[in-house]
Amino acid sequence: MAQLLKGETGEWEIVIGLEVHAQVSSEAKLFSSAATKFGAEPNSQVSLVDAAMPGMLPVINKECVRQAIKTGLGINAKINLFSVFDRKNYFYPDLPQGYQISQFKQPIVGEGFLEIEVSDGAKKIGIERLHLEQDAGKSIHDQHPSRSFIDLNRSGVALMEIVSKPDIRSGEEAGAYLKKLRSIVRYLGTCDGNMQEGSLRCDVNVSVRKPGEELGTRCEIKNVNSIRFVQQAIEYEARRQIEIIEDGHLINQETRLFDPNRGETRSMRSKEEAHDYRYFPDPDLLPLKFDDALVQAIASDMPELPDAKRTRFIEEYELSEADATLLVEERETAEFYEEMAAGRDKKLSANWLGTELFGALNKEGLSLAESPITAESLGRLIELISDGTISGRIAKDVFVDMFESGEDALDIVERKGLTQISDAGAILELVESVISDNASKVAEFRNGKDKLFGFFVGQVMKKSQGKANPKLVNNLLKDKLG
Amino acid sequence: MSLDKGTVKRVAQLARLRLDDEQLEKTAEELNKIFAWIEQLDEVDVSNIEPLASVTGHSLPERMDEVTDGNYPDRVLSNAPDRASNFFTVPKVVE
Amino acid sequence: MSSILDLDLASARSALQKKEVSAVELTETYLSVMSSNDHLNCYITSTPEKALDMASKSDHRINSGDALPLDGIPIAIKDLFCTDGVLTTAGSHILNGFIPTYESSVTENLWENGAVMLGKCNMDEFAMGSANTTSYFGAVENPWRSDDRQKSPLVPGGSSGGSASAVASRLALAATGTDTGGSIRQPGSFCGIVGLKPTYGRCSRWGTIAFASSLDQAGPLTRTVRDAAIMLKAMAGHDPKDSTSANLQVPDFESALTNDVRGLRIGVPREYLLDGMPSEIEKLLETGIEMLRTAGATIVDVSMPHTKFALPTYYIIAPAEASSNLARYDGVRYGLRIEGDNLDDMYEKTRSVGFGAEVKRRILIGTYVLSAGYYDAYYLKAQRVRSLIKQDFDLVFDNVDVLLTPTAPSDAFAIGENDDDPIKMYLNDIFTVPASLAGVPAISVPVGLSKNKLPLGLQIIGKMFDEELVLRVGGALEGMAGFKSRPAGGA
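Protein chains in written order, with my numbering: chain A, 3 to 484; chain B, 8 to 102; chain C, 30 to 520.
No lab work stands behind these hints, which were simulated from the structure alone. It is possible that part of the hints are untrue.
As the list claims (entries may be wrong) - If you want the ones that stay clear, here's a sample from chain C, every Cβ over 10 Å from chain A, calculated:
1. A39
2. P334
3. L355
4. R362
5. D373
6. V382
7. G385
8. G508
To be verified - Here are the computed lysine-lysine pairs in the DSSO-like style, where the Cα-Cα straight-line distance is at most 27 Å:
9. B/K12 - C/K378
10. A/K90 - B/K99
11. C/K337 - C/K419
12. C/K453 - A/K90
13. C/K513 - C/K180
14. C/K270 - A/K291
15. B/K12 - C/K453
16. A/K291 - A/K311
17. A/K453 - A/K443
18. A/K125 - A/K182
19. B/K16 - C/K513
20. A/K291 - C/K378
21. C/K378 - B/K33
22. C/K270 - A/K140
23. C/K453 - B/K40
24. C/K453 - B/K33
25. A/K140 - B/K99
26. C/K47 - C/K453
27. A/K140 - C/K378
28. B/K40 - A/K224
29. A/K418 - A/K443
30. A/K64 - C/K48
31. A/K64 - A/K80
32. A/K182 - A/K167
33. B/K40 - C/K337
34. C/K419 - A/K107
35. B/K99 - C/K378
36. A/K365 - A/K181
37. A/K80 - A/K140
38. A/K90 - B/K12
39. A/K140 - A/K181
40. A/K348 - A/K398
These figures come from a predicted structure and were not determined experimentally. No residue lacks a Cβ here, since even glycine has one placed at the ideal position from N, Cα and C.
All chains should be modelled from the sequences, with the hints used to inform the complete structure.
Laid out in structure tokens, this is it:
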């Protein structure tokens, strides 16, 4: 099922592994009590510990531990009751300690998996591990001709590094994996998954091989911060490697960057030397131990995850797979949906949320949280359609008003007199009126011009200012036109 | 196992220390003596012995997820050898 | 004035309480002898204004009946403890101009107990050394001079050389030190004073500049065992900012000083009797054994088979941790910066100029033993041997209450001797390193004089968190030894 690339010497398989760095949602940092909010004034969310002043020591944030366990459960992984924090030693100005506190041989979470859906079916992508580590600060290189500026606000923020197995075979699969992972952590509330702000970053490992052969040499493309870029990077890198191999050369194992402006990957200028990180257990910390009771407590408090929710929507609400998938992508969407659809037509609700409301929100660049129409309010609109008070057509106009003013559906309908005409007698009058006004067309219709039916419907609707019940109009027209 | 100048140079680079040729030679000599002396550990049979994780044996203490620190950029930057408003500065890094 | 200087900490405490002397008077006396004994080079920074200000506040409290336990007591602080607003160097050039904006937990505890800060003591650079000869600020002199070497100044031991010399020279009533492999106990022995290394975790490491995280421990250097008990009570305590800090109540150490050793089982590990050890050290040990036996203790011959591996184990673990702890000294956020053509050039220039030879040597050792391909053979192996060393202590303490050993393999040597032979220098720690690796408490008490008429100490080692027994036996030994000799130098 792998999507193969055609080269000059035959078909190639792309082998992809993704390392995702997800910033843990927490108030304070992993080993210090400074704040974690994005976008603060430079070096204002930095404690003495984050600045690595002499004599400073780390103390672990219990919430970050719980968030990691929760995430591990969400990716169907083994939770390790014993894990160790190691120092990863290297020099860089945004790494004040000269080492990063991470986890090397004994991470907090072990093997797990995610299920993704791609064009040729469902697939399980294995996950190697998840561990906790410190984020680094930020270096800014474009503020001065000969200096780089260092802001340590981000230094010490908790990250979960989630390493997939090299089970991914295409850009499409990579995109699906990232979307699913992002969806899960947002559902769990363990990471806000905001790739633009950098709360979710991806390192992409790409290698190529002829199907059935050993794994090729891989290159790592660092810090790709959008799903689209990940896919572009994979595409470019795979082709680059294929070309090199087909030309008779070997792939240099190296670290590369993706340049979104050019759609290319290029080698990082910094040393090609293999980093010797000299990992060793951090002597300022003790091993992390907790018991199964904690894991069970977190497990019992987990929200319903997207896959389970989608299955339930399909089974309980009889929604289509496409609709259900859209509705569960974000937890907020699913919650909005269930609130609006409670006691109301499920399919109709799905349509109105997925197409109408999302359409309107997208146009205005608003998120669901910023929607001027609440779930309950939209739900009442659905009710009015279901009980025949207004037609679907009229509902669309009402919706526009609701969106602009936030006013309640029924109020708008009553104020504007938009109540659907469902009285058969009244409609019959309109029908007969239209028929008598358009004798020639009636004749054409009766002679076989079936397309004219729509014209008559339109005329009746016009005469009723759109309020006539379309179903009744159809039936009565059919009746009268013959 | 013996350290040569090349190894010392590599190790020094990892530690961001610069030694000139003479220093590299001298250091290689010194380190070789020290490592030869350390070699007596080869006598100890450590099969089935776990490395010591902690002398006190207590478990890792945790703290509450509360913001109780930071928000004092002046203190953080007060000893900075070079700063630009509230940033530390270093020679420009090209990636 | 001399009678004021004669007061040890406990006596000074009493004199202050009885208003026989004021805190300001006491501090002024010490400030005065400090400045007239500059040549000993005990202090890197003296803080006379601050001291007088603190002393006057102490007097105020004493006079209104609100005296704190250490009110008015003038002490010196090893320059490894970060002191708010006061230059802190770790004996190194790389912290050039560094003024912390925070106070270490240990010194905070002391100020909260009313103690007065005289200044920051000289020390081996980053606590790496056994003679205080690696300091950027020059060597420290031991106030003791040997008869036949009157002209050559002697080392005070290290790394807390400045602290030990200050106490021995009476330039401070007490001092704080840190002990990683013997850096409080060995200088204590060389200077004829008491040096106490508490159990690992007893004192907080927050704000104490790190050398080897799993070994560093703050402790007092004092004239008497009682003084050490008083100081430790003030210094110790759980600190939530230090994950390795023990969450235990601090006992009233002073009340443990009953001097009663009847019925105690005191182990003498045979592995501490080295071939080629100076006979006077062996004799000193025998003297100690006799004293304790006479006082009613049972002396037990014990074996701690992994003792000889302690030094090489230490010289893998400590440099490894140090190489990582010292990576933060890079010229970016504080201290010395030597500009470079690019970032790595700046790092290399700064660190090469900023660090001294011994520190560089240990960083290289540490970097090497952690590097790819060598980690298992060195670091991991050393941590396993460390488990065995700790096991030796656990097993022996099933059978005895404390251990008695020599503190150092010699008396104080001349400044400059051993400087070019790192291994010879490392051997100074041979008796002190095992207790550091195991984390157990240990005290050095001055017991006699060498044939050069220089002080020699004996070491009492106890169980984890059993400083009370260590102090009790140390106090008994001190009482029986009756060491009253005074150095020629100092005040």
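Each hint, compared with the structure:
1. A39: Holds, because the least Cβ-Cβ distance between C/A39 and chain A comes to about 30 Å, which exceeds 10 Å.
2. P334: holds (26 Å)
3. L355: It is violated; C/L355 is separated from chain A by about 8 Å at its closest Cβ, not greater than 10 Å.
4. R362: C/R362 is in fact no farther than 10 Å from some Cβ atom of chain A, at 6 Å.
5. D373: Since the minimum Cβ distance to chain A is about 8 Å, C/D373 lies within 10 Å and the statement is violated.
6. V382: Given a closest Cβ separation of 16 Å, the condition holds.
7. G385: Holds, since 17 Å exceeds 10 Å.
8. G508: holds (37 Å)
9. B/K12 - C/K378: holds (20 Å)
10. A/K90 - B/K99: holds (24 Å)
11. C/K337 - C/K419: The hint holds at about 13 Å.
12. C/K453 - A/K90: violated (33 Å)
13. C/K513 - C/K180: Roughly 24 Å separates the two Cα atoms, so the pair holds.
14. C/K270 - A/K291: holds (19 Å)
15. B/K12 - C/K453: holds (24 Å)
16. A/K291 - A/K311: With a Cα-Cα distance of about 33 Å, the restraint between A/K291 and A/K311 is violated, given a limit of 27 Å.
17. A/K453 - A/K443: Since the Cα atoms of A/K453 and A/K443 sit roughly 11 Å apart, the hinted pair holds (cutoff 27 Å).
18. A/K125 - A/K182: holds (12 Å)
19. B/K16 - C/K513: Not OK: B/K16 and C/K513 at ~52 Å, beyond 27 Å, violated.
20. A/K291 - C/K378: violated (42 Å)
21. C/K378 - B/K33: Since the Cα atoms of C/K378 and B/K33 sit roughly 19 Å apart, the hinted pair holds (cutoff 27 Å).
22. C/K270 - A/K140: Holds, because 26 Å separates the two Cα atoms, which is no more than 27 Å.
23. C/K453 - B/K40: This hinted pair holds, its Cα atoms lying about 11 Å apart.
24. C/K453 - B/K33: holds (17 Å)
25. A/K140 - B/K99: holds (13 Å)
26. C/K47 - C/K453: violated (50 Å)
27. A/K140 - C/K378: holds (24 Å)
28. B/K40 - A/K224: violated (42 Å)
29. A/K418 - A/K443: Violated: A/K418 and A/K443 sit about 33 Å apart, past 27 Å.
30. A/K64 - C/K48: Judged against 27 Å, a Cα distance of about 51 Å means the pair is violated.
31. A/K64 - A/K80: Since the Cα atoms of A/K64 and A/K80 sit roughly 19 Å apart, the hinted pair holds (cutoff 27 Å).
32. A/K182 - A/K167: Measuring from Cα to Cα gives roughly 15 Å; hence the hint holds.
33. B/K40 - C/K337: holds (18 Å)
34. C/K419 - A/K107: The hint holds at about 25 Å.
35. B/K99 - C/K378: holds (16 Å)
36. A/K365 - A/K181: Roughly 23 Å separates the two Cα atoms, so the pair holds.
37. A/K80 - A/K140: violated (33 Å)
38. A/K90 - B/K12: Answer holds: A/K90 to B/K12 is near 26 Å, not above 27 Å.
39. A/K140 - A/K181: Given that 27 Å is the threshold and the Cα spacing comes to 26 Å, the pair holds.
40. A/K348 - A/K398: holds (18 Å)
The structure is inconsistent with the numbered hints 3, 4, 5, 12, 16, 19, 20, 26, 28, 29, 30 and 37, although it conforms to all the rest.
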